[in-house]
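Note that the protein sequences, when read in sequence, are chains A and B. Oh and the first sequence: position 88 is 87 in numbering that gives the first Met the number 0, straight run, nothing missing. Oh and the second sequence: position 291 is 290 in numbering that gives the first Met the number 0, straight run, nothing missing.
Do not rely on the hints blindly, as some may be mistaken.
[As the list claims (entries may be wrong)] Sample of chain A residues with no beta-carbon within 12 Å of chain B, all distances over it, derived:
1. Cys49
2. Val74
3. Lys77
4. Ile152
5. Gly205
6. Gly211
7. Arg223
[Unchecked claim] Examples of chain A residues toward chain B, derived with CB under 7 Å:
8. Thr71
9. His72
10. Arg76
11. Gly78
12. Leu81
13. Phe89
14. Glu96
15. Leu99
16. Ala100
17. Thr101
18. Ser228
FYI, nobody ran anything at the bench for these hints, they're computed from the structure. Beta carbons: idealized from backbone N, C-alpha and C, even for Gly.
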Amino acid sequence: MSLLRVEHIAVFYGKSQALFDVSLEINPGEVVALMGRNGVGKSTTIRAICNLTPPLTGTISLNGKNLAKLPTHVVARKGIGLVPEGRRCFANLTVEENLLATERKGQWDMQKIHQLFPRLEERSKQSAATLSGGEQQMLAIGRALLTNPKLLILDEATEGLAPVVRQEIWAAIHRLRENGQSILLVDKTLKELLPVCDQCFILEKGQSVWNGAPQALTDDISSRYLGVST
Amino acid sequence: MLNSTHQKGFKEKALNLIILGLIFVTALVTYWLDQGYYVNLVSRVVIFAIAGVGLNLALGYGGMVSLGHAAFFGIGGYIAGISAMHFSESTSFIAGLDSTNQMLTIWLFVIIICALLALFIGLISLRTSGVYFIMITLAFAQMVYYFAISWPDYGGEDGLLISSRNQFLGNDTDNELVFFLICFTVLLLTVFLSSRIIRSRFGTALQVARMNDVRLATVGIRPYPIKLTAFVISAVITGIAGALFADLNRFVSPDMLSWQMSGEIIIFILLGGVGRLSGPILGATLFVLLETFIGGYTEHWKLFLGLVLLIVVLYANGGLMKMVVGEKQHD
Numbered sequence: 000m001s002l003l004r005v006e007h008i009a010v011f012y013g014k015s016q017a018l019f020d021v022s023l024e025i026n027p028g029e030v031v032a033l034m035g036r037n038g039v040g041k042s043t044t045i046r047a048i049c050n051l052t053p054p055l056t057g058t059i060s061l062n063g064k065n066l067a068k069l070p071t072h073v074v075a076r077k078g079i080g081l082v083p084e085g086r087r088c089f090a091n092l093t094v095e096e097n098l099l100a101t102e103r104k105g106q107w108d109m110q111k112i113h114q115l116f117p118r119l120e121e122r123s124k125q126s127a128a129t130l131s132g133g134e135q136q137m138l139a140i141g142r143a144l145l146t147n148p149k150l151l152i153l154d155e156a157t158e159g160l161a162p163v164v165r166q167e168i169w170a171a172i173h174r175l176r177e178n179g180q181s182i183l184l185v186d187k188t189l190k191e192l193l194p195v196c197d198q199c200f201i202l203e204k205g206q207s208v209w210n211g212a213p214q215a216l217t218d219d220i221s222s223r224y225l226g227v228s229t
Numbered sequence: 000m001l002n003s004t005h006q007k008g009f010k011e012k013a014l015n016l017i018i019l020g021l022i023f024v025t026a027l028v029t030y031w032l033d034q035g036y037y038v039n040l041v042s043r044v045v046i047f048a049i050a051g052v053g054l055n056l057a058l059g060y061g062g063m064v065s066l067g068h069a070a071f072f073g074i075g076g077y078i079a080g081i082s083a084m085h086f087s088e089s090t091s092f093i094a095g096l097d098s099t100n101q102m103l104t105i106w107l108f109v110i111i112i113c114a115l116l117a118l119f120i121g122l123i124s125l126r127t128s129g130v131y132f133i134m135i136t137l138a139f140a141q142m143v144y145y146f147a148i149s150w151p152d153y154g155g156e157d158g159l160l161i162s163s164r165n166q167f168l169g170n171d172t173d174n175e176l177v178f179f180l181i182c183f184t185v186l187l188l189t190v191f192l193s194s195r196i197i198r199s200r201f202g203t204a205l206q207v208a209r210m211n212d213v214r215l216a217t218v219g220i221r222p223y224p225i226k227l228t229a230f231v232i233s234a235v236i237t238g239i240a241g242a243l244f245a246d247l248n249r250f251v252s253p254d255m256l257s258w259q260m261s262g263e264i265i266i267f268i269l270l271g272g273v274g275r276l277s278g279p280i281l282g283a284t285l286f287v288l289l290e291t292f293i294g295g296y297t298e299h300w301k302l303f304l305g306l307v308l309l310i311v312v313l314y315a316n317g318g319l320m321k322m323v324v325g326e327k328q329h330d
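One chain only, chain A, in its complex shape:
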């Protein structure tokens, strides 16, 4: 059984339609990339999965259970861990407080987060607002992992970070993959994205237009839908 199944969802912001027909599927332990140009509906799809912007039609299910009409906090408790775009840590809290606020029992605990991101342990008493962009991203990922999610969603996790820090984040994503963590990734850097994912889904104008293994992503497809070549 697939872990997450999104079937033909349509999402509206007021009267304007953002998603027309989006479908995707993630199996346990898989890393899936959600790709597309700016404004095609990647973040809206993520918002729909978390029920921040509920779909008007279509279904979203986690482990076969329909997530429709469940409030966002229940969706999160069912096993969806979101690292939102722009990191969005709780700026007025310390690193430790950010992590403790979300901690739930499971395979991920504070010690494992510190092993994944040793810098968070060094900065534990520091206010999240004083961290660098990369450290804030580590904190956002750590915070989401401490909810012990079945599926971790990373929305533009490496955007705006220095190359060295991006490497650290990608290394952490590889380690998560090795641990069997299911991940839905949204990122624009194909060079780093493709080696880590098992499946790709491409959106165009609010619709699913292609999906397959990263090896099957040809120059023709990527230049047509992503505006870049692999």
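Place chain B on chain A using the hints.
Chain B only, in chain A's frame:
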């Protein structure tokens, strides 16, 4: 940067202790100088501070700007007043309950009634936010206010005199110092409780709910019950302050339930520092000082209060605590 943060954190903790120490010493010295009036004045500061610490939990840490906390302050006062009246007349309390003049029993009753009322008000008002939340809490408080005015059995508009202060475990509460010590102990307990709550996982979630409740929901925590719990705790603390205030003045009136009272509790917090542990204590102190010393010269002392508030809001947005120790630091 870290060193500076720790220094400021240490400074704030030191200031908290100094403020509490100064209040305690002032009461002792004035009592020793046989200035009972001033001991009562310090008790007034302490009681206002308790109410402020209570509201600060909802307003400062939870971002819930309640303009209805006078309802809890007044209900606390009325429970103390009604209980004292029935005890002095040797009549039974409401619903055939035996009357008592024991503060601990009265406080227990205050806690139950204020918690139930806050639960009811919070369940409805916390479905809204911003200006709607302010107006709904104000509307509930006004209902309680008009109910008190229209209840002649307990003084109606004229209020209710308390012939003798309620008692605390056989201590002479008519003695100014004894009464101050009771109030001061309650203040210490509420500051301690508030500090523990803020540092707990619950307190962290409460502060996140203030910053962004959607973000809190995405990590699996529902903001509504967190805010509701904080609102109820806040109301209970304010209610206890009201009970003490009634005993201090030996009088309770609908003024304690008025929207001006709610506004004054907010002013204690604004003056001292929103979301700062000792903010309401500093604010209440400044408020009572202005009320007493400028109020001694002119009945229009609130004009000066307004000026001070204006200066603090414009030039020390963060209250007196920010002026003294700087921006808020982590405990």
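How the hints compare with the structure:
1. Cys49: violated (6 Å)
2. Val74: violated (8 Å)
3. Lys77: Violated: least Cβ distance 9 Å, not greater than 12 Å.
4. Ile152: violated (10 Å)
5. Gly205: Gly205 (chain A) clear of chain B: closest Cβ-Cβ about 23 Å, beyond 12 Å.
6. Gly211: holds (30 Å)
7. Arg223: Arg223 (chain A) clear of chain B: closest Cβ-Cβ about 33 Å, beyond 12 Å.
8. Thr71: Holds. Min distance 4 Å.
9. His72: holds (4 Å)
10. Arg76: holds (4 Å)
11. Gly78: The hint is violated - Gly78 (chain A) has no Cβ within 7 Å of chain B, the shortest such distance being about 9 Å.
12. Leu81: Leu81 (chain A) check passes; min Cβ-Cβ to chain B is 5 Å, inside 7 Å.
13. Phe89: At 5 Å from the nearest chain B Cβ, Phe89 (chain A) passes the 7 Å test, so the hint holds.
14. Glu96: Holds, about 5 Å.
15. Leu99: holds (6 Å)
16. Ala100: holds (4 Å)
17. Thr101: holds (4 Å)
18. Ser228: Constraint on Ser228 (chain A) not satisfied, violated at 35 Å.
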